[in-house]
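Enquirer: Working from the sequences, and respecting the hints, build out all of it.
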Amino acid sequence: MIILLIMRCISMKNDFPNITENLVLNFCNTKILKQGKLVDLFNTIDSFKLWLEIPIDKNEDYNRQLSVMYSCLDTSLNIEDVKQLREELSKIFTRVINDADTIDDVKSEIESFIGSSPFTLIFVDNDPLMIPVEKGIIGIKTILFLSLVSLIQSDELKKLAKCANEECPLFFINQSGRRKWCSMKLCGNRNKVEKFLNKTK
Numbered sequence: 001m002i003i004l005l006i007m008r009c010i011s012m013k014n015d016f017p018n019i020t021e022n023l024v025l026n027f028c029n030t031k032i033l034k035q036g037k038l039v040d041l042f043n044t045i046d047s048f049k050l051w052l053e054i055p056i057d058k059n060e061d062y063n064r065q066l067s068v069m070y071s072c073l074d075t076s077l078n079i080e081d082v083k084q085l086r087e088e089l090s091k092i093f094t095r096v097i098n099d100a101d102t103i104d105d106v107k108s109e110i111e112s113f114i115g116s117s118p119f120t121l122i123f124v125d126n127d128p129l130m131i132p133v134e135k136g137i138i139g140i141k142t143i144l145f146l147s148l149v150s151l152i153q154s155d156e157l158k159k160l161a162k163c164a165n166e167e168c169p170l171f172f173i174n175q176s177g178r179r180k181w182c183s184m185k186l187c188g189n190r191n192k193v194e195k196f197l198n199k200t201k
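Going by the UniProt record's numbering, 170 is the number at position 170 of the sequence shown; the sequence numbering is gapless.
Treat the hints with care, as some may be off.
List of simulated lysine-lysine pairs, DSSO-like, C-alpha gap at most 30 Å [to be verified]:
1) LYS37 - LYS107
2) LYS135 - LYS49
3) LYS180 - LYS158
4) LYS91 - LYS158
5) LYS91 - LYS107
6) LYS185 - LYS83
7) LYS83 - LYS159
8) LYS162 - LYS49
9) LYS135 - LYS37
10) LYS34 - LYS49
11) LYS185 - LYS31
12) LYS185 - LYS135
13) LYS49 - LYS83
14) LYS83 - LYS162
15) LYS83 - LYS37
16) LYS185 - LYS158
17) LYS185 - LYS107
18) LYS180 - LYS83
19) LYS162 - LYS31
20) LYS58 - LYS107
21) LYS135 - LYS34
22) LYS83 - LYS158
23) LYS159 - LYS58
24) LYS83 - LYS31
25) LYS135 - LYS58
26) LYS162 - LYS58
27) LYS37 - LYS185
28) LYS58 - LYS185
29) LYS91 - LYS31
30) LYS34 - LYS107
31) LYS180 - LYS135
32) LYS58 - LYS180
These aren't lab readings, by the way, just hints derived from the structure by calculation.
Expert: Have a look at this one:
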């Protein structure tokens, strides 16, 4: 029974795409297209916790943010709040991609929320780490908004894109300006196979 549970956890961890090195984008990318159907990877608080336990190799900033977010978990948190926050952030990204919102609009939204959020600050080596005083969904939202700030600072928010597969909900940073797919593994290779099969019909 324990072995089956461990194998299930490993399988679930492998389901999370984590196709970017940005926390808020990976958080939003937890609803995926699988075998032609949309699958929500956040079904329970345990599945959310599982996502929080997946580090990104050689990305200390990302992994520290994960740790801080994990520290925000408390008994009041429920999965519907997490899903609602994901929807809120996904809508921000969609508006930016569709030019319905400007970067300044996003900045104003961040300022409006972060301005009333108290922090403590600690240094990890020489790097400052902001830690929200609030726990639960407010603390989690604060960390994700700080991750959104990093997308603005790096100018990557301007390169935000959505997968060319219309059924796929995943976001990614289009660094080259030529990338079409969220990833070759998830959608790119599948599209190539479908095109090949259509040609051979």
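Enquirer: Decide if the proposed pair is consistent with the structure: LYS49 and LYS83, CA atoms, cutoff 30 Å inclusive.
Expert: 13 Å, holds
Enquirer: Compare the distance between the alpha carbons of LYS185 and LYS31 with 30 Å, and conclude whether the hinted pair is satisfied.
Expert: Distance of about 16 Å is within 30 Å: holds.
Enquirer: Are the Cα positions of LYS37 and LYS185 separated by 30 Å at most?
Expert: 16 Å, holds
Enquirer: Straight-line Cα separation of LYS58 and LYS185 no greater than 30 Å?
Expert: 21 Å, holds
Enquirer: For LYS58 and LYS180, compute the direct alpha-carbon distance and say whether it is at most 30 Å.
Expert: 26 Å, holds
Enquirer: Does the alpha-carbon distance linking LYS135 and LYS37 stay inside the 30 Å limit?
Expert: The hint is violated at about 34 Å.
Enquirer: Does LYS83 sit within 30 Å of LYS180, going by the straight-line distance between their CA atoms?
Expert: 26 Å, holds
Enquirer: Would the hint linking LYS83 and LYS158 be met if the CA-CA limit is 30 Å?
Expert: Satisfied, since the Cα-Cα distance of roughly 25 Å is no more than 30 Å.
Enquirer: Tell me if the straight-line CA distance from LYS185 to LYS83 falls inside 30 Å.
Expert: 25 Å, holds
Enquirer: Has the given pair, LYS83 with LYS37, been kept, meaning a C-alpha gap of at most 30 Å?
Expert: Holds: LYS83 and LYS37 sit about 18 Å apart, inside 30 Å.
Enquirer: With a cut-off of 30 Å on the C-alpha distance, tell me whether LYS91 and LYS31 pass.
Expert: With Cα atoms ~14 Å apart, LYS91 and LYS31 stay inside 30 Å; holds.
Enquirer: Does LYS180 pair with LYS135 here, judged by a C-alpha cut-off of 30 Å?
Expert: 38 Å, violated
Hints 1, 9, 12, 17, 21, 30, 31, counting from the list given before, are not met by this structure.
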